[in-house]
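**Student:** Next come the chains, spelled out residue by residue.
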Amino acid sequence: MAVLEMKQVKKSFGTGHKKVDALKETNFHAEQGELIAVIGPSGSGKSTFLTIAGGLLSPTNGEVLINNANISTLNEKQLSKIRLKEIGFILQASNLVPFLTVEKQLKLLDKVKKDNMDKEQLEQLYKDLGIGDLRGKYPSDLSGGERQRVAIAKALYSNPSIILADEPTASLDSDRAYEVMELLKEETKSKKTTTIVVTHDIRLVDYCDKVYKMVDGVLELQ
Amino acid sequence: MFLAWNEIMKNKLRFTLIIGVLMLVAYLVFFLSGLANGLASLNREAVDKWDADAIVLTEESDQSLTQSSFAADLVDSINADETAVLGQLNAIAQTDDQKANVSIFGIDSGEFIMPEVTEGSAFTSGNEVIAGDSLKDDGFKLGDTLSLSSTEETLEIVGFTDEARFNAAPVLYTDVETFERVKFGEEAAGTDRQISGFVVRTADLAEVTDEEDLAVIETETFIESLPGYTEQSLTLNFMIYFLFVISSVIVAIFLYVLTVQKISMFGVMKAQGIPSGYLARSVIAQTAILASIGVVVGLGLTLLTGAFLPSAVPVSFDIPTMLIYGMVLIVVAILGAVFSVLTIVKIDPLKAIGG
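In the order they appear, the protein sequences are chains A and B. For the first sequence, counting from 1, position 72 maps to 72 in the numbering used here; every step adds exactly one. For the second sequence, counting from 1, position 122 maps to 1122 in the numbering used here; every step adds exactly one.
It cannot be assumed that every hint is accurate.
Stated by the list, open to error - Chain A is nowhere near these chain B residues, computed Cβ spacing over 12 Å in every case:
hint	residue
1	L1035
2	D1062
3	S1282
Stated by the list, open to error - Each computed BS3-like pair below joins lysine-lysine, with the alpha-carbon atoms no more than 25 Å apart:
hint	chain 1	residue 1	chain 2	residue 2
4	A	K113	B	K1351
5	A	K81	A	K113
6	B	K1010	A	K137
7	B	K1010	A	K81
Note that these hints are calculated values from the structure, not bench results. Glycine included, C-beta positions come from ideal geometry on N, C-alpha and C.
Model the full structure from these sequences, guided by the hints.
**Tutor:** In structure tokens:
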């Protein structure tokens, strides 16, 4: 079953001769348990692709379906609910709240959403990601790699069906980058989520089940 | 609440500064309200003590007790539940080494405006007075003989009573005959009693008198027309109301700056699907926490200062008023947070992701 599906999705910015087709007609689907990479140079439209997939941006044409529900016609409030429930974001700049400890970053999600991981699953998550000792620390006390691992924990904690990662390894050295990809792969397989990683770093494609290449707004399966 | 509190705990210095500013504003508000209250009672406490509904003065006195004078037998024309005669005169009272502005009240000891004696005894024969106990602070004491500025008559303090100041002057209560001798001289005694007004308790002010020369003035109106009273309380209240506006603006600016600094963080949270409403409530909760702490500390500080002030400073704290002002301060602070809430609602989560 397709967890995420895009049907003839198009996105243009501007009008008239200033009109730019950031994303040309795209058909895309992702299955449960797949780790997918979308690679391409900056400005190729991969961020547009990610934000449309994540319900942050509405497409100009076409339909986006998450678990077979069309999200292209929803308003911002409804989209916000979908993002909270179905999607876990891992962002380039760490998406942590500076004044919350690692433990409380996750607890914040309990305040706004039910059906997050229970205590046992959470302990396992801490263990898998190797951040159990960091739970009392603030983001400013963590290294880049540690922050990214906490960001992954945060994305996974809400039990989303899709994880969208935007350059998750951008601020990391190679060893750390591989480590993060390894973690993402393990979590994708064990939690049966769908993970889409957008990156310009082709070294990461070895970890992925499918690789798409984005060139000038056109998405192609490699 | 979760976000609000955790942020305060993480950035203690920053939020202590904000609380400090709010505390100072609250302190000023409370202190001014104490001063307004103190100055007001300086003028009105003797009148408040009557617990009367109205006072009857001559029409031509223009609501001034000092300027009113008429014969006491007009009491026959008064229709009220309770009526008390009152003669009033301003004078300077002095002993060998003290001098004070006083207000002499000539009353009948059997009527309801007779004060309770807190020290010594009531006046029983002529030229004895019960003095307001604020005179004690000026060095007057029981048994003192007072000579007066306008007459050869002397008065003797035989008792003290509390809360007895009228238009900022301590009151000397005496009988109507003594009042007449002081005001009009020896020869006036024995003729028709001349007094300044009737103090009445009644439910129906319109029915009090049909004498054309007499005016019935509601107690509150009477107080407001005391010289300087309205001007004084308007000035202080204006300052207090202005402080409410100032504190709202201060909170608005502080929170707005803090919110602008956090725009990208809020954006990320919104991208993750945390509702704007939750973030907005968190800012409101934070403001309420900061303002409440500021107000409580300000209140404590005010009462502490009040305890150490010399009695010459006319502050008197009215706790219910202060509680209301404190509440108003918290509410206007929250109004100040509305700006930030609007900013949060408008943040585009897409921008935070840099898409």
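**Student:** Output the indices of the hints that this structure fails to meet, ascending.
**Tutor:** 3, 7
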